[in-house]
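A.B. asks: Chain by chain, the residues:
There are 2 protein chains.
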Amino acid sequence: MAEPNPPHSLYTIPDFQFAGGVRKKINIAYRSINPTSTKGTVLILTCYGGHINTTLTFTTGALKDYHVVVVAMIGNGESSSPSNDPDFPKDYSLRYEDCINAQYALLTRHLGVERLETVVGFSMGGQQAYYWAVMHGVGATPFVKRAVVICSSAKTSGHNYAFLEGPVSALRASGDYYGGRYRENGVKPLGGLRAFGRAYAAWLTSAEWFRLELWRVLGAGSLHEWLEMEVRSSEEWDAEDLIVLARMWQKGDVGAVGGGGDWKAALGKVEAKVLVMPCVSDQYFLAAEGEREVECLKNGRYEPIASVWGHMAGGGACEEDTRFMDERIGRFLSEE
Amino acid sequence: MAEPNPPHSLYTIPDFQFAGGVRKKINIAYRSINPTSTKGTVLILTCYGGHINTTLTFTTGALKDYHVVVVAMIGNGESSSPSNDPDFPKDYSLRYEDCINAQYALLTRHLGVERLETVVGFSMGGQQAYYWAVMHGVGATPFVKRAVVICSSAKTSGHNYAFLEGPVSALRASGDYYGGRYRENGVKPLGGLRAFGRAYAAWLTSAEWFRLELWRVLGAGSLHEWLEMEVRSSEEWDAEDLIVLARMWQKGDVGAVGGGGDWKAALGKVEAKVLVMPCVSDQYFLAAEGEREVECLKNGRYEPIASVWGHMAGGGACEEDTRFMDERIGRFLSEE
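Quick mapping for you: the protein sequence lines, in order, are chains B and Y.
Every number in the numbering used here is 5 more than the matching position in the first sequence, counting from 1.
Every number in the numbering used here is 5 more than the matching position in the second sequence, counting from 1.
The shape of chain B in the complex, shown without the other chains (with noise of 0.2 Å):
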């Protein structure tokens, strides 16, 4: 087994160009597993709140015989982030495109991978493999060969982005996240990431998991519990990270890299093959909106998790949901 928490590797682009406009050096993380696989490489990419050692779920299941490379989005705090770069853009202008250029030049350049069996990513790592696929997931022999979308969506919807609205004017709001200046001061806004955690709360699971008071599988003894759990994981956060991903999170739509605009018209043109996987009791990435998008892909399935487990039900918080997708995603990868 390998060791709990292995080091990162990192991988320097001096003159990474942003969408927003800046260009400037930044740092790509990067876990690379199994390189001397002959059976191809597998990508998989971090949701909100997810490093690169929690987003390892089906590496040791259906992807265990792969070349798998693990990154860390740009403003995870692994790479490039406003937490670790003084100078990273402070207007939030951070997007998905900028994400994908960095990763694919860290395989292309760096790792000389040449092509992907399949791009994995969960929530807001879901967001990004959609944005492999419209980005490089067209053409007769597209570079990415499959995609694995899990509880995400191609454009984020209004309800998710007004969800996203409360958390982050939570934070914005406290006292002590000073107008973005409490690094400056030297204090972390805890009060303010306090408050995030509990305006994020309710959302991740479902009110049947509440119901049926499914806290208790993840070891808390009171609803009481569980907040303060969410809490503290909120407060192991830097504050403007969690904003410039909020803030990219919000702008998702592939109709930016594809499409002309239009995210249907961008999934249209994509010749990999998707595989979407919603959870059927996820609040804000709804399967109904998974259903569309399969529509409007040439090569998509539609499996979705029949889970309470809400959001956290593709994050690998419940062992049957993950051994569902495990064999979904190892069934998808063994079709031509």
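Hints are computed from structural coordinates only; laboratory data are not their basis.
Hints should not be assumed to be uniformly reliable.
Unchecked claim - Lysine to aspartate or glutamate pairs mimicking EDC-like chemistry, simulated, CA-CA at most 20 Å apart:
#: 1; chain 1: B; residue 1: K269; chain 2: Y; residue 2: E218
#: 2; chain 1: Y; residue 1: K44; chain 2: Y; residue 2: D70
#: 3; chain 1: B; residue 1: K30; chain 2: B; residue 2: E102
#: 4; chain 1: Y; residue 1: K193; chain 2: B; residue 2: D181
#: 5; chain 1: B; residue 1: K150; chain 2: B; residue 2: E332
#: 6; chain 1: B; residue 1: K150; chain 2: B; residue 2: D70
#: 7; chain 1: Y; residue 1: K269; chain 2: B; residue 2: E218
#: 8; chain 1: Y; residue 1: K256; chain 2: B; residue 2: E218
#: 9; chain 1: B; residue 1: K29; chain 2: B; residue 2: D246
#: 10; chain 1: Y; residue 1: K269; chain 2: Y; residue 2: E102
#: 11; chain 1: B; residue 1: K256; chain 2: Y; residue 2: E233
#: 12; chain 1: Y; residue 1: K269; chain 2: B; residue 2: E213
#: 13; chain 1: Y; residue 1: K29; chain 2: Y; residue 2: D246
#: 14; chain 1: Y; residue 1: K256; chain 2: B; residue 2: E230
#: 15; chain 1: B; residue 1: K256; chain 2: Y; residue 2: E230
#: 16; chain 1: B; residue 1: K269; chain 2: Y; residue 2: E213
#: 17; chain 1: B; residue 1: K256; chain 2: Y; residue 2: E218
#: 18; chain 1: B; residue 1: K29; chain 2: B; residue 2: D90
#: 19; chain 1: Y; residue 1: K256; chain 2: B; residue 2: E233
Quantities reported herein were computed from a predicted structural model and do not represent experimental measurements.
Put chain Y on the given structure of chain B with help from the hints.
C.D. replies: The following block gives chain Y in isolation, referenced to the frame of chain B:
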């Protein structure tokens, strides 16, 4: 037609006993409409964010021939509340039974009402209606003959509890809330109230409502404009009033006033007829909860509102839904 905002009346109870222990003078704000009616008296209760004159939905429809008493729940800024009473209990111990006890005193000691044809309430008003049914809708000839419960619940669910933690935490963490001492500093915590509004907004309707951009029906030209409308309406409130009410809502449980702590047993003793009208797309008072409640009631009837307006359907936001509710309430009242 009535003038747009006729003044409400105040009924003073000099020695009101709060469930939390305090005994003090309180004022109950109310409007008595059509008091000479011979059809009987109907009681309407306010919701979160509601005032007497925004709670008249059915008074010109199904209830127009009745003597209608609209009462502001304690804490709403019209009846005794932190915002208008410096001695209001500061420990967030206000409970629904306090509201019902004060309303009962108003009706029986001041207005001479001997029986209610029905109580009607939406959201927190619906929770009050359930408390009325459990406290005064039992026995052979109950004081309350009927209750109409719209988009509400007999016991606040864990999910509903967790959702409320979001806006409340956003408000409490804000710099200008100042640990609750904003009033003594002569400051209205606008930053906190705005964050509260943003953390609340995505819950109000439904994902499908956002997809169909039904904010247009409310006069907003964009999602941002609608969010700003919601934020402005939050700005009008007093922060402590909002928190006192949210804490009462979170503690909502008819088991506190009947059934020996068990909400199902409490409902099982109700003789009053109860019309339970959840909205099928309500994100926090789920229709499935309403179904479970009706199973516990001797004389319950389940009439869900088939609408994409979510919780707001019950508040009269959509004309078609309001017509449906009005028609069902009229039919419910016409039955013996």
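A.B. asks: Can you name, in rising order, the numbers of the hints this structure does not satisfy?
C.D. replies: When the structure is compared with the hints, none of them turns out to be violated.
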